[in-house]
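Taken in order, these protein sequences are the chains called L and A. The first sequence begins at 129 in this note's numbering and counts up by one. The second sequence begins at 116 in this note's numbering and counts up by one.
Treat the hints as calculated values from the structure; they're not laboratory data. Treat the numbers as computed from the prediction; the structure is a model and nothing was measured. Honestly, I wouldn't trust all of these hints.
[Stated by the list, open to error] Listed next, the stretches of chain L that the computed footprint assigns to chain A, with coverage defined by at least 3 CB atoms under 8 Å from CB atoms of chain A:
#1 235–243
#2 289–297
#3 308–317
No residue lacks a Cβ here, since even glycine has one placed at the ideal position from N, Cα and C.
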Amino acid sequence: MPLKLILQLSARNLFRYPRRNGLLLLAIAFALAGATFTNALMRGWQYDMLDRAVENLVGHVKVQTEEYRDDPNMLHSFALPQGYQPEISGVAIAGWAPRINVPAVLLSERESRGVQLVGIDPQREDISFYADLNIVGENLSGTADGRIVLGQELARQLQTSVGRKVVVLAQGADGKNRERGFRVAGLFDAQAESLEKAVAFTGLATAQAYLGGSPQAGSEGLVTEISVLLADEPQRLEAVDSLGSEFPDKLVADWRTLQPQAAEMFALADMGIYIIFLFMMGGLAFGLVNTLIAAVMERVRELGMLRAIGMPRRVVLMQVVVESMLIMIVGIVLGLAAGILSVAALADGIDLSAFAEGIDAFGMSALLIPVLSTKDLVMFSSLSLLLGLVASIFPALRAVRITPLMAMNR
Amino acid sequence: MFKRCVCFTWFALVALGGPAKAEETFDPLTLVTQSIDQTRGLSSYAEINMLIKRPSWQRESTLYAWTRGREDALIRFVAPARDAGNALLKQGDKMWTFNPKLNKSIRLPGGMMSQSWAGSDFSYDDMSRSDKWIKYYRLEHVDTEVSDGLKTYTIDAIPFDDAPVVWGKERLRIREDSVLIEALYYDQDMQPLRRMVTTEIGELGGRVMATSMRMMDLEKPDSFTEVRYDAMDFDVALEDRLFTLFSLQSRNR
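With the rest of the complex left out, here is chain L (with noise of 0.2 Å):
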């Protein structure tokens, strides 16, 4: 029997109970929509956690010593050879970045507060949130720029502002605590509250010349960390192998492994997504596979003439399953257009700024941009097709045993 005549038995009987079957049209398209929306901002809220865990002051790849990943602090330093440039054979460089960064305490007439100071390059922060922070003031001027740039709320804290001073206390190179004052060249307005708090910025060779050996050991260049952003993140494990043999005595990771929960919560979400669009079309199978045998029976007796008539029980089966496939793929179409278009209208980002020290936990910024990818769309396509297909089963079996007998006995 034709393909085409089954699909003409199936479209018609489709459309004998309008009614019916356009409700359980809109319900399929309704969970579509529903996991096609609820996806965009997992995955909106997963890529932002990248960015951010990237971002902040991680980079895809990162180059330390040993000792440093347990004890942060000048003592592990090491020094970069002059002019140094990471290359990497068949991996683009988007960045990358020289950095002190060790624990220090800030102190001002009134407070005292610790920090993570970090010494910058600023032209090569392009990579990290420091290139998309808001300064007022004025921002590091360069490498060698004596001043600081705080958070607004570190300032807060400690009673002070642009101008005034501060006095950061960190150990040097030798292992000896030593201060020096610090003007603020500027505050900076992160998203995160947490952030504010926590780091503060100065000149890489400030910092050098502050925790640094002693000038005639030739101190120059140490540095705690270089930082490097990859064009593309997925080839981050051959960045890896490539920096960890031109630094084969030291630590060379990438930010899954320097930001575990960072990777724990990223692998999390996609599961999540799963789950949760497991549960949305679980439910509705059961919808369909009652439908589909509500309509079944009901044509008992249309079934066992054309039984009687000669029509064989795969061509039965066919029918049943084409018409829950047709439902199906209507459905599909209608409800990626609905949650396409419901992403679409929240392009901007929802604020959820009014939750902002809550979310700021999860590692989530006050912005939520949901982002579509193609990937799951078409996963959530072949997923539910497969689900109409296996839920007609039943309803099909059933059909299939329906016999000329059965219809006559009516």
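Chain L is already provided as a structure; the job is to place chain A on it using the hints.
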């Protein structure tokens, strides 16, 4: 513990007072240096009474303090019984506190240096950095006045730009015989924040010195800490082992 540190600084300042003579051409650096060196001597021993006054309570304690050169100091509480045995040791730029109830000495991290010592108005920093005015500040002579036949110089100490000093400036009033009369700490808006004033000048250990001083936080008008020297000896012979961790932990010194 906190209080002891503070006392030490005071102590140093006080000792300075005696022998310096004002010269015709006035150099603030000389005067400040004399003032600092005179409070110290080669070594010293002092018995100190400290009164901490707060709006709702006050506490009086007795301490013994030993110093040697500019680097080493040991301060120990002897009364009241509750605090007896608490001690503070300074060796160069390192500082330890000892608490007999915990039987433990703790090396003070740099971040704690600006905090209050033993609940007083003095910070560990006040204690440990007595030569800071020479090292980190530009000294400016502002004013001279005469009282009781002695000249009193007012000197502004303005910290260098990269100096590890949070104050906007410090204003010192030093008598021509090197007795520090008053020190005012200004924040960076040039508002006075803390004030230390000498309330009594006398002769102890053969030197004219400030025998009683009061430190006030100007933002808390009802509170102050007063330190009084009851006895003092300069250039005493002290054993090396006095300024060690072992000696810090022995309670019966």
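Verification of the supplied hints:
1. Look at the region 235–243 of chain L against chain A: 6 of its residues bring a Cβ nearer than 8 Å to a Cβ of that chain, three or more, so the hint holds.
2. Look at the region 289–297 of chain L against chain A: 6 of its residues bring a Cβ nearer than 8 Å to a Cβ of that chain, three or more, so the hint holds.
3. Counting residues of the region 308–317 of chain L whose beta carbon lies closer than 8 Å to any beta carbon of chain A gives 4, which meets the minimum of three for the stated coverage.
Consistency note: the structure conflicts with none of the earlier hints.
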